[in-house]
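> In order, the protein sequence lines correspond to chains L and E.
Oh and the first sequence: position 47 is 47 in this note's numbering, straight run, nothing missing.
Oh and the second sequence: position 16 is 16 in this note's numbering, straight run, nothing missing.
Some clues are possibly wrong.
To be verified - Within a straight-line C-alpha distance of at most 25 Å, the following computed DMTMM-like cross-link-like pairs (lysine to aspartate or glutamate) qualify:
#1 E:Lys31 to L:Asp31
#2 E:Lys31 to E:Asp8
#3 L:Lys48 to E:Asp29
#4 L:Lys52 to L:Asp31
#5 L:Lys52 to L:Asp115
#6 L:Lys52 to L:Glu232
#7 L:Lys243 to L:Glu232
#8 L:Lys52 to E:Asp29
#9 E:Lys31 to L:Glu232
#10 E:Lys31 to E:Glu13
#11 L:Lys72 to L:Asp178
#12 L:Lys72 to E:Glu57
#13 E:Lys31 to E:Asp20
#14 L:Lys72 to E:Asp56
#15 E:Lys31 to E:Asp56
#16 E:Lys31 to E:Glu62
Said to hold, decoys possible - Incomplete in silico selection of chain E near chain L, CB under 7 Å:
#17 Thr32
#18 Val33
#19 Cys35
Unchecked claim - Under 7 Å between C-beta atoms, here's a sample of chain L residues computed to sit facing chain E:
#20 Asn16
#21 Asn61
#22 Asn81
#23 Ser210
What the hints contain is simulated information worked out from the structure, not anything from laboratory work.
Using N, Cα and C, we set each Cβ at its ideal position, and we do this for glycine too.
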Amino acid sequence: MPMNPRLLRPKASGFNPASISGIANWWDGNDAATLTLNAGAVQTWTSKAGLKTAASQSTANNRPVTITVNGKTALSFDGANDGLDFTGTSRTDETWIIAAAQTADQSGQRQMLSDGGNGTGMSATKGSVKLLEVAFGGFTEGTNRLRPQYSATASALMGPGVFTCVRSAAAGGFVFIDGTQRTGAVSPFASSFSTSNADTMSKIGYYSSSLFQFQGWIGEILLYDRALSASERLNVERYLGKKWGITVA
Amino acid sequence: MRYYRTADADLYESIRLQLDAAWGHPTPDGKTVTCFDPAAVAPRDAAGRLLLAVKDEFVTWEPAATLLPQLLASGAVEEISADQYAAVPPRHHGQ
Chain L
1 MPMNPRLLRP
11 KASGFNPASI
21 SGIANWWDGN
31 DAATLTLNAG
41 AVQTWTSKAG
51 LKTAASQSTA
61 NNRPVTITVN
71 GKTALSFDGA
81 NDGLDFTGTS
91 RTDETWIIAA
101 AQTADQSGQR
111 QMLSDGGNGT
121 GMSATKGSVK
131 LLEVAFGGFT
141 EGTNRLRPQY
151 SATASALMGP
161 GVFTCVRSAA
171 AGGFVFIDGT
181 QRTGAVSPFA
191 SSFSTSNADT
201 MSKIGYYSSS
211 LFQFQGWIGE
221 ILLYDRALSA
231 SERLNVERYL
241 GKKWGITVA
Chain E
1 MRYYRTADAD
11 LYESIRLQLD
21 AAWGHPTPDG
31 KTVTCFDPAA
41 VAPRDAAGRL
51 LLAVKDEFVT
61 WEPAATLLPQ
71 LLASGAVEEI
81 SADQYAAVPP
91 RHHGQ
C-alpha cells in the first residue's frame with residue numbers, strides 16, 4: 001500500500017530565519033544545494049536568501065571540507081589555510097549570527113568572520129583567558145570592539161555555540177553567546193560598543209590563508225542588514241541552537 | 001594534515017606551477033586558480049622559509065605522490081610537524 005503523500009512532506013520547523021525582514025545572507029552548510037564541491041572540498045558556499053552571496057575559494061588546497069555535526073552537514077576549516085572569500089557590503093547596522101565551534105587549542109586571534117583587511121570581525125581569541133572577540137570598524141575596546149570571556153581557561157575550545165553581534169550606529173553594538181548578552185572581559189568592561197563606523201566583512205574562516213585561520217566547524221551564518229530586536233534575535237539563535245545541538249537561553 | 005618547508009622560493013614556485021599544469025589550473029571557469037598559495041603570499045617561519053600545509057589526501061594524488069619523494073630525498077624540502085608549522089603564533093590586531 002503506497003504511503004499517503006501527506007506523510008512524505010517535510011515536517012514544518014515552525015520558524016524560518018528568512019521570514020525576518022532584512023535578511024541579507026544565509027549560509028547554511030546543511031543545505032546541499034548551496035555547496036559546490038570539488039574533489040571533496042567546498043569550492044563555493046552560496047547564501048540561500050537575501051543577496052545570495054557566493055563565498056568561494058580559488059586555491060584548491062585552501063578549501064574547507066564537510067563534516068557531520070549533530071546529524072547535519074557543517075564546513076570544517078583546518079586552521080592552516082582554509083577559508084572562503086566573498087564580496088561584502090559596507091554597513092553600520094547589521095546582525096551576524098554564527099553557529100560554530102573551535103576544535104583545537106589555537107594561539108592568538110582566529111577569525112570565524114573577517115574583513116580581510118584590518119582584522120575586524122568575529123574571532124576566538126586566546127589570551128590569558130578565552131575570548132569571543134567582536135570588532136567592527138576598529139579595535140578600541142568599548143568603542144568599536146567588545147571581548148567577552150568565553151572561558152576562564154585560555155586553552156578551552158570555543159563552542160559549539162551560537163555567536164551573535166547586533167549593532168547599529170544609533171544604539172551601539174552588543175554581543176551574545178548562546179542567546180545571553182555578554183559584557184566585555186577587558187577594561188573598560190563595557191556592556192556595548194558605541195560603533196558608528198561602517199565595516200565590510202568578506203572572509204569566512206580566516207583573515208587570509210596565512211593569518212588568523214580558524215580551526216573548527218561553521219555550520220551556519222545568518223546576516224541581517226539591520227539590528228534585530230531581542231525577540232527576533234532569540235528566534236534565530238534558538239533555531240540555530242536546536243539545529244546544531246547547542247543549548248540557547 | 002601534512003606540513004612542509006623549504007628555503008628555496010624558486011623551487012617552491014616551480015613545484016606549484018608544475019602541479020598546476022598537471023591538474024589543469026587555472027581551470028577554464030576560473031574557479032580554481034592554483035593548487036596552493038603562491039610563494040608571495042605563503043606563510044614563512046622566522047628564518048624566512050616557506051611553509052606549506054596540505055590535507056592528507058593531497059600527497060596521495062598524482063602527480064604530488066610522484067614528486068614528493070624526490071623532493072624530500074633531495075633535502076630541498078623537509079617535512080615538519082604541526083608544531084613547527086605553527087611555531088610563529090599570529091599576532092593580534094589592536095594590541
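> Has the given pair, lysine 31 of chain E with glutamate 62 of chain E, been kept, meaning a C-alpha gap of at most 25 Å?
holds, 21 Å
> Would the hint on valine 33 of chain E stand, with a C-beta cut-off of 7 Å toward chain L?
Nearest chain L Cβ about 4 Å off; hint holds.
> Measure nothing beyond the straight line between the CA atoms of lysine 31 of chain E and glutamate 13 of chain E; if it is 25 Å or shorter, mark the hint as holding.
Holds: lysine 31 of chain E and glutamate 13 of chain E sit about 20 Å apart, inside 25 Å.
> Given asparagine 61 of chain L as an interface hint, is its Cβ closer than 7 Å to any Cβ of chain E?
Given a least distance of 4 Å, the restraint on asparagine 61 of chain L holds.
> Next pair to validate is lysine 243 of chain L with glutamate 232 of chain L; report whether the Cα-Cα distance is within 25 Å.
holds, 17 Å
> With the threshold set at 25 Å, check whether the alpha-carbon distance from lysine 72 of chain L to aspartate 178 of chain L stays at or below it.
Since the Cα atoms of lysine 72 of chain L and aspartate 178 of chain L sit roughly 19 Å apart, the hinted pair holds (cutoff 25 Å).
> Does asparagine 81 of chain L pass the interface check with chain E, least Cβ-Cβ distance below 7 Å?
Cβ of asparagine 81 of chain L sits 6 Å from chain E, so the hint holds.
> Double-check asparagine 16 of chain L for me: the hint is only fine if its C-beta lies closer than 7 Å to a C-beta in chain E.
violated, 30 Å
> Would the hint linking lysine 31 of chain E and aspartate 20 of chain E be met if the CA-CA limit is 25 Å?
holds, 13 Å
> Between lysine 52 of chain L and aspartate 31 of chain L, does the CA-CA distance stay at or below 25 Å?
Measuring from Cα to Cα gives roughly 13 Å; hence the hint holds.
> A closest beta-carbon separation below 7 Å is what the hint needs, so does cysteine 35 of chain E meet it against chain L?
holds, 5 Å
> Would you mind confirming whether the straight-line C-alpha gap from lysine 52 of chain L to aspartate 115 of chain L stays at or under 25 Å?
holds, 18 Å
Of the numbered hints listed earlier, those contradicted by the structure are 2, 9 and 20.
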